[in-house]
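Chemist: With the hints as your guide, set chain B onto chain A.
Protein chains: 2
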Amino acid sequence: MTALLSSAEPGFAQAFETLLGSKREASVEVSETVAAIIADVRARGDAALIDLTRKFDGLDLTPQTMRFSSEEIETAYRAVSPQIRDALTLAHKRIASHHEKQKPLDHIYTDDIGVTLGSRWTPVEAAGLYVPGGLASYPSSVLMNAIPAKVAGVERLAMVVPTPNGVVNPAILAAAKIAGVTEIYRVGGAQAIAALAFGTETIAPVAKITGPGNAYVAAAKRQVFGTVGIDMIAGPSEVLIIADGSANPAWLAADLLAQAEHGAGAQSILLTTDEALAKAVLAEVDRQLATLRAPDNARRGWEEFGAIITVGSLDEAMSLANRIASEHVELALDDPHSWIDKIRNAGAIFVGHHTPESIGDYVGGSNHVLPTARSARFASGLGVLDFVKRTSILGCTPQALAELADATVTLAETEGLEAHGKSVSIRLNR
Amino acid sequence: MTALLSSAEPGFAQAFETLLGSKREASVEVSETVAAIIADVRARGDAALIDLTRKFDGLDLTPQTMRFSSEEIETAYRAVSPQIRDALTLAHKRIASHHEKQKPLDHIYTDDIGVTLGSRWTPVEAAGLYVPGGLASYPSSVLMNAIPAKVAGVERLAMVVPTPNGVVNPAILAAAKIAGVTEIYRVGGAQAIAALAFGTETIAPVAKITGPGNAYVAAAKRQVFGTVGIDMIAGPSEVLIIADGSANPAWLAADLLAQAEHGAGAQSILLTTDEALAKAVLAEVDRQLATLRAPDNARRGWEEFGAIITVGSLDEAMSLANRIASEHVELALDDPHSWIDKIRNAGAIFVGHHTPESIGDYVGGSNHVLPTARSARFASGLGVLDFVKRTSILGCTPQALAELADATVTLAETEGLEAHGKSVSIRLNR
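Here the protein sequences come in this chain order: A and B.
Just so it is clear: in the first sequence, position 418 is 446 by our numbering, and no numbers are missing.
Just so it is clear: in the second sequence, position 291 is 319 by our numbering, and no numbers are missing.
Extracted from the complex, chain A is given alone in its bound form (with noise of 0.2 angstroms):
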């Protein structure tokens, strides 16, 4: 049942600590099952995917058709309405110019005693993009993910898609086409990841893996951290929505019942300072999941985890805010602008009463890959940065060597390190 909460209550810090604390994914306990499967994609390659596709996916592949060839995608582009592939040209476009600023630059500088000191900054040589098939099967996601690992200047981007009993969905190739990704396999589950991550004889192996999938892709990607890299493992979605009495109560519930509509533990909030307010939504939301055509997600999801909790100020709104640290925080007041500096934990800020979080989602610019379940206290959504590594220079002249001599050598004998110390007086002829 929806929670009704108020901070004046006795006992709403038990009540707010169960909020925060409340489990909306069931833990499936996959990883011994996954790692045979990586073991055997390991041991026989390109044979072991094939028997692992038939299994799983009912689809008898061969390393020639397992890779989709430029004709099906084209074909697929193809398929797809004009309507639908203007709207992925115009998110493809936005995404990428938001992106091209998240590019870090390089910093070498030489400082006072001539020591030469940097960043710099490369993109990794290959990524891997995993795509889930079935339900969850989005072509926002394509983008989300792509289009970052491009604008860092990944020169290679492999992407993995299952297609259960051959079937895979067109826009998904159609934003592959419009991302730039050539390169997609017709294979999911952990034995694709496992491919991505220790190559085959027919896909080559990547440096990092992104991208959403189930329980046996998460204990995959969980399994193969550290021979490559991978993004965060994504939980289920979320919405905060803060509101004063200027917000407009129909629109709120429009918003909330998006976040629940993901079903499977998804979870919506509100927070207002407004109690005729906080009450007018509740009525709206049933209203609305009358007129949805396949009300039962956004039923479930709202009745499961959904919140409404009433505050007796902003300023508690923002506290209670940071300790939720939710994946999507929405500011429907007044004065939006004021409060984002409030926020400190959170994913992706929407800023006033015309930006429903669903923008971000698609067309906005800003990535849908966010942290969430509380993570935000130290997480940040998916980016350019994600795609790139940081490399260290340091290079001393023989007079800064020198003057840096002792302190090392000091250090180095302190911690017990002689022959550290020694690769530094060895340089100086003393």
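You may find that some hints are simply not true.
No copy labels: a pair is met if it fits in one copy or bridges any two.
To be verified - Capping the alpha-carbon separation at 30 angstroms, the derived lysine-lysine pairs in DSSO-like fashion look like this:
#1 K178 x K205
#2 K83 x K129
#3 K370 x K178
#4 K51 x K83
#5 K370 x K307
#6 K51 x K370
It should be emphasised that the hints constitute simulated quantities derived from the structure, not laboratory data.
Modeler: Then chain B, alone, in the frame of chain A:
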């Protein structure tokens, strides 16, 4: 035995693959033990910490003695020689100055259709720093972990260090004092990681945990990842030296031994175009080993995982170096600056004959926590970015929302997310 390879020999490709794949770290299976320790600390808090510290460190604590008092820290600071304090202070000054330049800038702008877009960076609220006890208890690591957190603006920094039988290295506390760390607990192992992640009555939880540790600490960090952020799990240290005929064989031998003395899987590799240099270095290593007071670690490291590879050209050396993706790369070249950009995969590059890697371990200014085990293909060294997170900002005017509405509704509908579309269309009064 130290590997001597030439890229001109038949069989080199295979021998190089073997070198790349060599497993330098024993895998210790401790995850069940660690899971039990974490569960115990979550369930019993301080009481569990006290029991486990008695068991593993032979030390009786109370909630009152768990934390070092400011007098104890001050006493340790005074117990350290002025020479060591001065060296730590110089290191602190240089490391802080360099890391100040890593602070990311917020960037918020309005695009051509009136959408406000941006990236805003905020520090994590609290970070935990693990410091090992015993042999690998390095004051330099305290600085390298604490300084980026302080520069990032982290308000609360909690340090944990095991003190077997109550003994602590005073230089650790002196380094903490110099770095401005005042909250220090005498607990270690998986139990300390659990306390930092979940909190106890005495230790408040943090959002991010960094710092090196043994197999139990590493396993605990993996297990609490998600509840908190963690840094990379560090493997054995390694250096790759690329040298031409201009290099001094005695200096190179000293650098190879400095890395090898870390023991326990440390690896030193020399790549050179000059066969005579390779032979001279080999002889110098033997000569210098005889001059070390405690040569055992360095000898073992060099014999077990050391390698000298002669190559036909520097271009070939760079290509092999990028496959090795070493933590540290030294360019002992006549014209090192023109080769920096050819090194793509490296944690840090040390430029020229007068920059031994050990300068970077202590007082160079760059961070010595760097990606190991080929992870420089996708990962970066520790820095300010590890203690901040990015929040996306998105704000639409009514006009901008109207302009983006059709594409959003189209994409939401194609993804089966009806309520996503409605949260936009409801705002348009259509």
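Chemist: Confirm or reject each hint.
Modeler: Verification of the hints:
1. K178 x K205: within (13 angstroms within a copy, 44 angstroms between copies)
2. K83 x K129: neither (44 angstroms within a copy, 53 angstroms between copies)
3. K370 x K178: between (33 angstroms within a copy, 21 angstroms between copies)
4. K51 x K83: Answer is neither: 32 angstroms inside a copy and 33 angstroms across each miss the 30 angstroms cutoff.
5. K370 x K307: within (26 angstroms within a copy, 63 angstroms between copies)
6. K51 x K370: within (27 angstroms within a copy, 48 angstroms between copies)
Violated hints for the displayed structure, listed by number in ascending order: 2 and 4.
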